[in-house]
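> So the chains spell out like this:
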Amino acid sequence: MSHEIDAILLEDTLLNLDELARSCQVSREWVVERVQWGLLLDEDSSNTDPTAWLFDSRSFIRIKRIIAVERDFECNPELAGLVADMIEEIELLRTRLKATKPNED
Amino acid sequence: MEFKDYYKTLGVSRDATAEEIKKAFRRLARKYHPDVSKETDAEHKMKEVNEANAVLSDPEKRAAYDQLGQQGFQAGSDFQPPPGWDAGFEFSGRGSNGAQAADFSDFFAELFGKQMGGGARQTHHRMRGEDHHAKIMLDLEDTYHGATRSLTLRMPKLDNQGRTVLAAHTLNVRIPKGVHAGQIIRLAGQGGPGHAGEAAGDLFLEVHFKPHSRYRIENKDVYATLPAAPWEAALGATIKIPVPDGLVEVRVPENSQSGRKLRLKGRGIPAATPGDLYLVLEVVLPPATTPKQREFYQTMAQELAFNPRQNLGV
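So the protein lines, in turn, are chains H and F.
First residue of the first sequence: -6, per the numbering used here; consecutive thereafter.
First residue of the second sequence: -2, per the numbering used here; consecutive thereafter.
Treat the hints as calculated values from the structure; they're not laboratory data.
Some hints here could point you the wrong way.
What the hints assert, rightly or not - The calculated lysine-lysine pairs, modelled on BS3-like cross-linking and capped at a C-alpha distance of 27 angstroms, are:
#, chain 1, residue 1, chain 2, residue 2
1, F, Lys44, H, Lys57
2, H, Lys57, F, Lys258
3, F, Lys174, F, Lys35
4, H, Lys57, F, Lys20
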């Protein structure tokens, strides 16, 4: 196959609730619960209409982490959310460390 | 095709209970968690562990797999499934969604391919194809200039006999300019095939950058070292330096020290709101090897009366 395919940034075509749930193979309710529990999106979103929610790259990566942790360890969603928070924090610190200390890869 | 010993992968005995398998899987899932593991090749090992667990945690798949084990197959031995090996089993597909199954081995696909995305079982229903998720490694230059990258993925597809096999699928992807790490790019219609006339799924790629010898990246900001001679840093100078999008002249203010960050606004990753480029000054000393060079340093020592440890009280 030699033709070129255009890649679109997710930020240019944000996912709605149904698209996100389908893509990650979880139910719509599964996502709604986690947003309402404050594990996805920001706190303010939990009281808004789910049909208006939009998910960006960061939410997409985060939800996949939460799914994997809940599934692999059969743990409760809050714990999976905590793990996701910590992974995000580690990533940020590692990136910062690499950016400022070039010789410590 | 090699026979895979799933018991060995999880480090459990053949008569392990479901609880023992679960525990072994969780221990390894923690050890090889791709986001935190320090093990080399953690991502690949995690895939193997997931695959072994998908079989051994499912009673039906495990029973069918055990039947093969009794026929004398061992890890690494050449393997073709004997005809009718799976007669009497109806795999439920539990624990292996399509997105995961695309990561599994040919061995898994051959044995349990029937429930992977695109399986014959599903073709009677009108159903949109599954979305697939993967990662893509880019060079920093790709995001500055835009680029076409070739990407090879293994995807489940139906062969001539209607069986599901994993086939290599190469895509030439036009990378949008300004993409940065942690972003997802979407390729419409490049996921799993749709069934009964429905649309194919999409492919979502998580963007990562390969380490670069000169540049470090933090989100949209880019960092590089700016080597400078002591007199350039002390007296101030205009220095020419290559940056990802060309050559720039930067003004180093006088009395600069190593570690000083010079910000070139908007010269980082060219996203919708561009990042900044930071040049971190590194003062490089000329060698003191010849008598003349040494004499020069001695003169500095005498003339400058400089104590770099003054604030340490010595």
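> Each hint needs a verdict: does it hold in this structure or not?
Evaluation of the provided hints:
1. For a cut-off of 27 angstroms, the pair hint linking F:Lys44 to H:Lys57 stands: about 15 angstroms separates their Cα positions.
2. For the suggested pair H:Lys57 and F:Lys258, the alpha carbons sit about 36 angstroms apart, so the restraint of at most 27 angstroms is broken.
3. Note on F:Lys174 and F:Lys35: the hinted pairing is violated, with a Cα-Cα distance of about 32 angstroms set against a maximum of 27 angstroms.
4. A threshold of 27 angstroms between alpha carbons decides the hint, and for H:Lys57 with F:Lys20 the separation of about 22 angstroms falls inside it, so the pair holds.
When each numbered hint is compared with the structure, violations occur for hints 2 and 3.
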